[in-house]
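One line per chain: the protein sequences are U and B, in this order.
For the first sequence, this note's numbering gives the first residue as 1, with consecutive numbering after it.
For the second sequence, this note's numbering gives the first residue as 1, with consecutive numbering after it.
These aren't lab readings, by the way, just hints derived from the structure by calculation.
Virtual Cβ for every residue (Gly too), placed ideally from N, Cα, C.
Heads up, some of the hints might be wrong.
Said to hold, decoys possible - As a list, the in silico DSS-like pairs of lysine-lysine whose alpha-carbon atoms are at most 25 Å apart: (1) Lys207(U) / Lys171(B); (2) Lys76(B) / Lys171(B); (3) Lys263(U) / Lys70(U); (4) Lys207(U) / Lys467(B); (5) Lys207(U) / Lys76(B); (6) Lys462(B) / Lys263(U).
Unchecked claim - Computed footprint of chain U on chain B; a stretch qualifies when at least three of its residues, placed anywhere within it, have a C-beta under 8 Å from a C-beta of chain U: (7) 100 to 108; (8) 398 to 405.
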Amino acid sequence: MTDFRIGYLYSLAPIHCGGEGDLGNILEIAREVHTDFPYAPGSSVRGSLRDEVASIQPDGRQMADNLFGKELDREGQMGVHQVWFGDARLLWVPMRTMSMSGGRDVFTWVSCHSLIRDHALLAKLKAVPFPDYPVGTSPGNYMVADAQLEVKNLSPERRNAIALAGNWHPNLAGAVQSTWEANRIVLPDADFQVLMEHSLWTQVRNKIQDAENGAGQAGSAEVFWTDVCIPRDTILYYSWGYSLSQTNPISLNHHNRLLDVLKGLFQVGGQANVGRGWVQGWVADDQPPTGLASPTNQTNTAVSEGVQSSEESASTEQTEATVGV
Amino acid sequence: MYSGPQLVELLERQHQARQQSGLFKKDTFTLQWRAKVGSFPHPDIETIVSAGEPCGAWRPSDGRPEDKRNVGENWKQMPKLPLNGYIPGSCIRGVVRAWAKQRPKIKLRMYQLLGYQDNDTISAGKIEFLDAWPEQPTKLTLDIVNPQEPFQVYHEGQSTPLSLYTLGNGKDSIRLTVAIRGIPGRTTEAEVEEVWDWVQQALSLYGVGSRTASGYGGVKLDNFDQPAPDPDYSVKQFDFSLYSQGCAGPDIKTLELRPSHCRGWLRSWMLRFLLGVMLKENAQITVTELMGTLESPADNKSRKGSVRLQMTQGEPWGELSQNQPNFYAWEGQLRLSARSDILNSIILPVVRFAVMVGGVGRGWRRPLHIYWMEKRNGEQEEASRGTYLTLTHELKSGVKPFGLPPQAENWRDLYQEWQTAVQQRWPSRFAPEAGLKAEVFSPRTCAVYLVPGPEAEPVDRKNLTWKDIDAVETRGLGMDLIYNPTYKRQPDVGGNAGRGNAYCSWVSVRRIPVKEGTKEIVCLFMGDENSLRSQFLGDLAKISGAVHLFGVQPSNPI
Chain U
1 MTDFRIGYLY SLAPIHCGGE GDLGNILEIA REVHTDFPYA PGSSVRGSLR DEVASIQPDG
61 RQMADNLFGK ELDREGQMGV HQVWFGDARL LWVPMRTMSM SGGRDVFTWV SCHSLIRDHA
121 LLAKLKAVPF PDYPVGTSPG NYMVADAQLE VKNLSPERRN AIALAGNWHP NLAGAVQSTW
181 EANRIVLPDA DFQVLMEHSL WTQVRNKIQD AENGAGQAGS AEVFWTDVCI PRDTILYYSW
241 GYSLSQTNPI SLNHHNRLLD VLKGLFQVGG QANVGRGWVQ GWVADDQPPT GLASPTNQTN
301 TAVSEGVQSS EESASTEQTE ATVGV
Chain B
1 MYSGPQLVEL LERQHQARQQ SGLFKKDTFT LQWRAKVGSF PHPDIETIVS AGEPCGAWRP
61 SDGRPEDKRN VGENWKQMPK LPLNGYIPGS CIRGVVRAWA KQRPKIKLRM YQLLGYQDND
121 TISAGKIEFL DAWPEQPTKL TLDIVNPQEP FQVYHEGQST PLSLYTLGNG KDSIRLTVAI
181 RGIPGRTTEA EVEEVWDWVQ QALSLYGVGS RTASGYGGVK LDNFDQPAPD PDYSVKQFDF
241 SLYSQGCAGP DIKTLELRPS HCRGWLRSWM LRFLLGVMLK ENAQITVTEL MGTLESPADN
301 KSRKGSVRLQ MTQGEPWGEL SQNQPNFYAW EGQLRLSARS DILNSIILPV VRFAVMVGGV
361 GRGWRRPLHI YWMEKRNGEQ EEASRGTYLT LTHELKSGVK PFGLPPQAEN WRDLYQEWQT
421 AVQQRWPSRF APEAGLKAEV FSPRTCAVYL VPGPEAEPVD RKNLTWKDID AVETRGLGMD
481 LIYNPTYKRQ PDVGGNAGRG NAYCSWVSVR RIPVKEGTKE IVCLFMGDEN SLRSQFLGDL
541 AKISGAVHLF GVQPSNPI
């Protein structure tokens with residue numbers, strides 16, 4: 001794979017990608033098997049982006065088919081994708097219940113060694129080892145409830161290692177970016193794991209019984225449950241890239257349409273009907289890939305890409321699945 | 001950093017840039033008072049907290065967050081929580097669905113547009129509801145839950161007040177942005193417009209969150225007409241004025257008038273009346289059917305209730321009197337809504353009686369008067385006590401007081417009409433009885449007399465001043481009788497508010513204006529057989545100029 005890029009998501013609403021947790025009435029979220037950290041699976045991100053591309057006129061559905069591959073139809077026909085997406089992984093998670101030295105309230109983001117290392121690899125940053133104690137952009141004593149966290153200063157090379165690739169999205173370039181630049185703490189993995197177990201966003205919800213023929217009386221809570229989410233103000237990163245068709249590649253119009261979506265707001269995960277999952281996206285590299293269709297045959301591309309043989313589709317989906325997980 | 005409102009701002013711009021503006025609707029609503037909406041798990045596991053997002057530290061110096069404290073301790077240590085409040089989109093969606101289900105013509109359409117679940121089949125909706133964030137970051141503040149029914153009606157011990165954290169501080173209104181969005185490609189601008197109208201109607205009519213029938217969660221939209229009531233429901237609107245010693249909220253030193261004061265007033269009066277025509281258990285069940293409950297004392301069931309109460313602040317609001325001893329003035333509007341047949345025949349008659357025999361909130365059993373309060377050091381100082389409540393309503397003939405003329409036949413006839421309505425509505429529960437150990441308002445269980453009041457009204461309500469600051473001159477003969485040492489501070493009659501365990505008085509006194517000055521309406525609840533109350537009844541009837549208005553008399557006690 002030669003086209004390999006990095007993209008970012010900033011959550012403007014809690015993200016709920018459903019998981020398989022079995023904790024009574026707690027609605028758990030998807031977690032990575034190897035770290036147990038919450039994440040947004042690549043298939044979820046890809047589906048959201050596809051929907052978003054398809055919703056933009058003109059030619060949204062056609063463009064979505066060209067970019068993501070035509071969906072399986074009644075004849076068993078599928079298309080080939082020309083853009084791929086990996087999982088969106090945590091990078092910086094907000095920790096707000098904090099104060100500096102018991103004094104002023106602090107809004108800070110935290111991350112951990114392995115997330116920083118993996119992101120650095122993708123972002124082509126120089127990876128450096130981190131110590132087994134907290135380091136951050138604003139050293140000092142942080143209080144979280146009655147626990148104290150002593151944060152040491154970041155060395156310049158470690159500060160470089162926790163940078164993001166490319167430029168922030170203009171929508172976030174004000175208070176968000178400046179707050180982020182001044183307020184980051186890198187924790188050892190084990191400490192971060194504890195936070196991911198206990199400090200995610202939760203909301204207790206209930207469904208009010210509205211008739212006498214349910215489990216309870218009208219007006220009572222028919223069902224109680226707790227939603228768990230990746231909190232607002234979380235920064236996630238993901239890998240993505242193009243895998244253009246040799247015969248019918250997408251055009252610059254497709255690239256621009258995709259960028260419009262990747263650099264826009266889109267919704268990831270479940271509970272969209274109650275406002276969950278909205279992210280501001282941006283990418284580090286927005287250059288068109290090599291091998292795009294020339295302007296003269298763009299129309300042909302858009303139409304001819306729709307149908308592929310089922311054999312080719314199956315093998316492509318397999319490839320994508322391998323990349324995505 | 002406060003990023004709460006950012007999503008709606010950015011999403012609106014994106015819809016505009018993509019020529020999808022018609023699929024996005026937003027507006028600024030004003031939260032009028034407090035809202036308990038959604039839920040945040042408090043570290044002590046029990047305290048109920050409105051939805052919020054962490055924004056600061058739980059400071060150990062203020063006590064451990066997981067510690068359970070009484071309301072007074074929380075007021076000192078955690079009057080605010082380090083949480084920015086908001087209204088979850090799920091709550092707005094739930095209110096809209098509940099509103100639509102009351103309207104047969106809209107119900108099916110609502111299922112089409114908002115989705116539905118039919119056993120295992122889920123049909124997705126087309127409209128998304130976003131979280132509504134205050135324009136300015138707003139931390140959750142301490143509130144109080146203090147049920148009074150066992151104390152006020154049954155004369156049992158006082159309940160323990162509980163802490164509750166709400167969006168809103170009880171003083172300032174909060175501007176917040178409500179928004180919905182139609183999913184592009186799946187819905188039309190007309191459908192989004194249709195749902196947006198529902199949002200405006202539902203929020204304006206019901207408010208948002210829990211306790212909306214008690215005045216919580218009321219929201220207002222600029223330039224939006226009064227929403228239509230639910231089908232078969234009627235609304236009765238009063239202008240009210242209350243001059244009183246003041247009621248406490250979460251802080252006992254900050255005096256306020258809360259919608260829940262009015263709600264508790266109405267609820268307790270419904271119970272006092274129903275206890276006169278039903279066995280205790282049935283009366284309790286009926287009250288909870290009307291007013292709602294989380295857990296009925298009669299059968300442990302929760303009930304939705306059907307009577308809603310909203311209070312709108314006016315001017316003056318909590319204004320201090322011009323001279324000492326201080327009292328406070330509140331004016332505003334009170335809206336009661338219920339099914340039309342219940343409102344007119346069951347609820348409003350009780351309100352007519354209630355407003356004639358007492359006030360609202362702390363000191364409701366006494367007219368606004370001055371008394372000499374003995375301090376701990378033995379010195380005495382003047383203090384304002386009691387309330388002066390008036391309700392008016394607008395008729396074709398103009399604005400009129402809402403109540404009852406001080407003539408026995410009016411009281412007898414209205415009670416008879418009310419009793420007949422109750423009997424027709426709940427025939428199997430109807431069983432008039434007497435002698436309950438509770439405050440029961442019925443011809444068999446209470447005595448109401450009209451007696452001479454102070455020569456002139458002692459309060460200049462227009463200028464918020466005491467006209468005559470001689471304490472005795474603020475009392476009529478009914479108050480004089482209560483202040484007689486035989487009855488004063490006696491739990492069986494006069495009550496005892498200030499010494500150790502508090503006891504309610506079994507007597508309420510209200511001052512009313514009449515042509516020749518003022519009168520007092522004295523209502524004695526007989527409760528169980530009690531010699532001191534029987535003695536008080538005899539003394540009450542013997543007052544020179546006393547007129548029997550309603551209920552038992554010395555010659556015909558319970």
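Going down the list of hints, with the structure as the test:
| no. | hint | verdict |
| --- | --- | --- |
| 1 | Lys207(U) / Lys171(B) | 30 Å, violated |
| 2 | Lys76(B) / Lys171(B) | 19 Å, holds |
| 3 | Lys263(U) / Lys70(U) | 23 Å, holds |
| 4 | Lys207(U) / Lys467(B) | 55 Å, violated |
| 5 | Lys207(U) / Lys76(B) | 35 Å, violated |
| 6 | Lys462(B) / Lys263(U) | 63 Å, violated |
| 7 | 100 to 108 | violated (count 1) |
| 8 | 398 to 405 | violated (count 0) |
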